[in-house]
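Student: Residue-level listing of the chains:
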Amino acid sequence: MSTPEPSRRLTIGEALREAIAEEMRRDDDVFLIGEDIGIEGGFGGAFGVYLGLPEEFGHDRIVDTPISEKVIAGAAVGAAALGMRPIADMQYSDFLFECMDELVNQAAKLRYMSGGKVSVPLVMRAPVGATNRGAQHGQSPESYFVHVPGLKVVCVSDAYHAKGLLKSAVRDDNPVLFFEHKLLYGSKGREQAGGLDLTAEVPQEEYLVPIGKAVVKRPGRDVTVVATHLALYRVLAAAAELAAEDGIECEVIDPLTLLPLDTETIWASLRRTGRLVIVHEDTLTGGWGAEVAARAAEECLFDLEAPIRRIASYDVPMPSAPSLEDAIVPSVERIKTVIRELRD
Amino acid sequence: MAAVAEQPDEGTLARLYRQMLLIRRFEETVYYLFLEGEIPGTLHQYQGQEAVAVGICDALRPTDWITSTHRPHGHALAKGVTPRAAMAELYGKSTGCCAGKGGSMHLGDPAVGMLPALAIVGAGNTVVTGLGLAFALRRSDQVAVCFFGEGASNEGAFHEGMNFAAVRRLPIVFVCENNLYGASTSFDTVSALVDVADRAAAYGIPGRVVDGMDVLAVREAGVEAVASARAGDGPTLLECKTYRFVGHSRSDARGYRADDEEASWKERDPIPRLRAVLAEPAAAAIEREVEAVIEDAVEFARASPDADPQEARTDVYA
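Taken in sequence, the protein lines are chains A and B. Note that numbering that gives the first Met the number 0 has the first sequence beginning at 0, numbered continuously upward. Note that numbering that gives the first Met the number 0 has the second sequence beginning at 0, numbered continuously upward.
Just so you know, the hints here were simulated from the structure itself, not pulled from any lab data. Please note that the accuracy of each hint is not assured.
[To be verified] Covered stretches of chain A (in silico footprint by chain B; criterion: 3 or more residues with CB under 8 angstroms from a CB of chain B, positions within the stretch not fixed):
(1) 78-85
(2) 112-126
[As the list claims (entries may be wrong)] Pair ranges (Cβ atoms, derived):
(3) Pro306(A) / Ser183(B): 47 to 57 angstroms
(4) Glu54(A) / Ser139(B): 46 to 56 angstroms
(5) Gly57(A) / Ala230(B): 20 to 30 angstroms
(6) Arg25(A) / Ser183(B): 49 to 59 angstroms
(7) Ser248(B) / Glu263(A): 17 to 27 angstroms
(8) Tyr313(A) / Thr184(B): 51 to 61 angstroms
Cβ atoms here follow ideal geometry from the backbone N, Cα and C, with glycine treated the same way.
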């Protein structure tokens, strides 16, 4: 047995870059496609994830496109149908609505409507999250895709899982929507993320994280809280305060994959705590939290000791002004208030 | 319209005639069976446009790929989906080319180089760029053809696909089948340009108007465009002027088209036009063979088991 090499602390951005480089080295069929991703003198994608990759892989396998989202997704679908493994890039997840046909009608359905003869192993990376950019650059639209049979939906919140899940997504034979939160990349440092340390231990040696498996981020006996992305960190902050201030112990779960959802892990926790809260930055109505709540009600109703609660962005377009945005997205205070209500 | 192209050898003429007739008889038979209630759903039929699919696909290799539309029966047969597998798919049988999960609007089979047809207007115009990109990345000399209607030329997907294919010089031939109507909407009411081919200039690629009722003209244009794509010279837009002899779909009584317009296009029917240059015994032999093939396909479809409800929830994920 070889001695494992020591871990390093990486940001999500760095971890994603490593995952992409490793997969491109491993498999010639992996290529990148998107806007502003490989331009010399450019910025390596909207959040710098691709910086340095053109130097190693050249410009054939890093396909810079026009501002044509339908082509980004459509080309990824066509190439994937022939067995290539595109990692497509949407600069902002808001732009996914430009290519809903390619994702929902084509990528998700080709396998089924071909009777299983065609697979579409593409990855579509898309940053979500409100960052004072307003209604068209601040959405978290992952729930739209959770509704689509044939897609997989992944949401990553830390560098370790981001790297392992992206590598799994590239190797998956299905279309995977891969959502990352803009404030969690770590490219802008701790200030913009509200003082969060956005680095995590990432092993030197290769590893994969399976799609469809949730992770318990904090164990606790009183309330099960399921959250993704930046909301997860707000939940963790709320959990620490509730433990100190009220003696309430939250069990915090990062589902990591929304489709397929790891209900096994979530229900096991719920059956112990008897209380379930779902927190996401996506808007409330029809959000993925509603699906988790509905399934919990169907499958675990008699384990519940209190109503299921959802905490989400309020049902308005995302405003730009910091004071307005803060009033819309789930805050640590809102999370604490709801969880206290459950205990009372 | 271009003059009738220089004639290829007799074997080629016979092959083209056979393929066009196969599609025509398949469609006529399917229409009858649909009216009889044997075939479920709806149909978007290809009668009248056979020269386009047959002329283009004759210029392709088996390893080349095509994308198709909601009107795919002709493309599927021309690219090599068997009449049995196509017919069984229309019947909703497990032996269909998509195991009954695709149906009329999604005929296709990767084994013959055809994606399941994409029935959203314009969808193929972006997806085909991925086929071309894959060929380019793999340094293969394969070519992809995108069949689409003139209606799709007003979709945003048309613009994005054409521009991207052009700027990357992808090995693609865009084949616009201009049958003059998008459902009931006449093209001259939705486009200030008469010829879709003129739009090629906006992308810096060649555009050509072709007589879509002359299989030899289509084939000649196809051979040239495919050779150019294969040689790395990038995409071509071929606009084949054609006409569907039937309604848009099965519920269409064609009240928006004048009888004399329909009659004038039927006079240019590509099938008798080609038959006129074939030797009588050869043509008659082909006709007998095609009848037998269609009869066999119907018998095969009728005898095949219905798609199994146990399979309704499979093939969603790989």
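Student: Holds or violated: the region 112-126 of chain A covered by chain B, criterion of 3 or more residues with Cβ-Cβ distance under 8 angstroms?
Tutor: holds (count 8)
Student: Within 49 to 59 angstroms: is that where the Cβ-Cβ distance between Arg25(A) and Ser183(B) falls?
Tutor: 53 angstroms, holds
Student: Using the Cβ atoms, figure out if Tyr313(A) sits within 51 to 61 angstroms of Thr184(B).
Tutor: 42 angstroms, violated
Student: Is 17 to 27 angstroms right for how far apart the beta carbons of Ser248(B) and Glu263(A) are?
Tutor: 46 angstroms, violated
Student: Take the region 78-85 of chain A, compare each residue's beta carbon with every beta carbon of chain B, and decide whether three or more fall closer than 8 angstroms.
Tutor: holds (count 7)
Student: Regarding Pro306(A) and Ser183(B), is the given constraint of 47 to 57 angstroms on their beta-carbon distance met?
Tutor: At roughly 53 angstroms between Cβ atoms, Ser183(B) and Pro306(A) fall inside 47 to 57 angstroms, so the hint holds.
Student: Mind checking the hinted window 20 to 30 angstroms against the Cβ distance between Gly57(A) and Ala230(B)?
Tutor: The hinted range 20 to 30 angstroms holds for Gly57(A) and Ala230(B), with Cβ atoms some 23 angstroms apart.
Student: Is the gap between the beta carbons of Glu54(A) and Ser139(B) within 46 to 56 angstroms?
Tutor: This hint is violated: roughly 27 angstroms between Cβ atoms.
In summary, the numbered hints that this structure violates are 4, 7, 8.
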